[in-house]
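Colleague: The lines below spell out each chain.
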Amino acid sequence: MPATKLSKAAAHDPASRIFDLDVSSLRELNQALHNLTPGSNETAWEVLHPKGSHSVAVGVDQPVSIDVRGSVGYYCGGMNSGSTITVHGSAGPGVGENMMSGSIIVKGDASQYAGATGKGGLLVIEGNASSRCGISMKGIDIVVHGNIGHMSAFMAQSGNLVVLGDAGDALGDSIYEARLFVRGKVDSLGADCIAKEMRPEHLELLQGLLDRAGVTGVKPSEFKRYGSARTLYNFNIDNADAY
Amino acid sequence: MCGIVGLFLKDKSLEPKLGAMLSEMLISLSDRGPDSAGIAIYGAPSKNEAKITIQSAKPARDFRDLDIELAKAIGAPVSIAVKSTHAVVRTAPAKIDEAREAIQALRPDIRIMGAGDVVEIYKEVGLPEAVVDRFDVRKMTGTHGIGHTRMATESAVTTMGAHPFSTGADQCLVHNGSLSNHNNVRRELIREGMKFETENDTEVAAAYLSSQMAHGKNLGEALEGTLSDLDGFFTFVVGTKNGFGVVRDPIACKPAVMAETDQYVAFGSEYRALTKLPGIDNARVWEPEPATVYFWEH
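Top line first, the protein sequences correspond to chains L and R.
Letter 231 of the first sequence, counting from 1, is numbered 230 in numbering that gives the first Met the number 0, and no numbers are missing.
Letter 295 of the second sequence, counting from 1, is numbered 294 in numbering that gives the first Met the number 0, and no numbers are missing.
Check the hints yourself; a few may be wrong.
As the list claims (entries may be wrong) - Below, in silico cross-link-like pairs of lysine to aspartate or glutamate (EDC-like), each with a Cα-Cα straight-line distance of 20 angstroms or less:
no., chain 1, residue 1, chain 2, residue 2
1, R, 82, R, 135
2, L, 184, L, 196
3, L, 184, L, 221
4, L, 50, R, 280
5, R, 275, L, 240
6, L, 50, R, 23
7, L, 50, L, 21
8, R, 275, R, 259
9, R, 94, R, 128
10, L, 50, R, 259
11, R, 275, L, 221
12, L, 184, R, 66
13, R, 240, R, 10
14, L, 50, R, 30
For the record, the hints were derived by calculation from the structure and aren't laboratory data.
Turn these sequences into a full structure, and let the hints guide you.
Modeller: Have a look at this one:
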């Protein structure tokens, strides 16, 4: 997929609590985030110099905003519950894995299995996502401005995956019930994934997702919808090759 | 997991820093593989000398007077530079094969890490930092290099099981993943006359590439062949005398990230391996596509 340049860090918000990972440890950052209680005044956080660290802001369960100024490694924002995490850079594998609610915005690209197993919330990737984006998604909404790699939405169970660019091979392989909206070309569909009719309720749903993801100038009618043909729900010997 | 790195310099002014840059890249990935670490560095070519990197568990015994005995055995001048358990033997390029045989006859316990006009290979059991310190890798200069920190899956934790694996002159390879058909491929390569030192799957991949290149393919074509002939998970980073290549299997579950600037092309299993490189904030950074060969040559 084409590369995107990492976003330049924006100016710091003077009121935010700043964690510089050149000075503090990742454990201190995550512990401070886990110590937050409902109604805390510390609602704005900034993380400096993440330098590809793993597990940045994992397991946050309060509605705070966290700006990460740089690129992160594995599992950034994993299990997020209610917070808004913005990565001003690119994200490594498993960004937002098992997210419950809240939102994660990646300004650059995301590596493999972005939003895997997510149960809720919104994951926005402003660049491209790699393979297995939304694998086993269980209710999360994922909006990718660029392209996604192969085997995306594999075994997806619930939620919405919106792709403004192209999708790689085997999109939606063995999909259960998630809705996939792709604006560009799809290299191939996986087992039991089919193109579906775009009904008014889907256009409305998609417009809502585009609005929430800050996408402008793109119409829901430009997308195709894909989903499950539901032929793999019960074992059928004629489908043995597809399982 | 294993961690792999590679650095191919385009800007000659960085050549004195190659060892230091590659060392930092490798150390940043220590927790991907605590079992062993290794590095291959391609230095400046010399018209009248080629090199063999050798290793011994008993360097004091095996390296003593080896230069004198070897020079006598092959009838040509020989120099030896010892670094801990390794040593680099230098002699006339035409005498390299003869020197290799003579070393094994004179010192049967010595292991040959690699040979060629420019490559030197250092690998040992232990964490990258310990290996880098032991061989003073930070001070090494060169045009390109590859490194590996190993989490053993397919074979024993030994010096010989460490990467890089070198199976041809100035060729070497590091691997993250595991191959499932390595025994079959090994048998076929043995039939062709290749020799193996370990049970390691990665040695098979290295030998496969050497065999393909011996049949006249270039590095890019040889790497293409891995996609159909090797089965399993892999990200390979390979070095040749003047080239540097990367390929991932079609499933591509092993991580990889690359960066390119006017000064270099760099590979890391993770982005954090690249964060200390000069100009990384403005580099083109991308994830190599599955089943796609990338390579550069000087």
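Colleague: If any of the earlier hints don't hold here, list their numbers in rising order.
Modeller: 5, 9, 11 and 12
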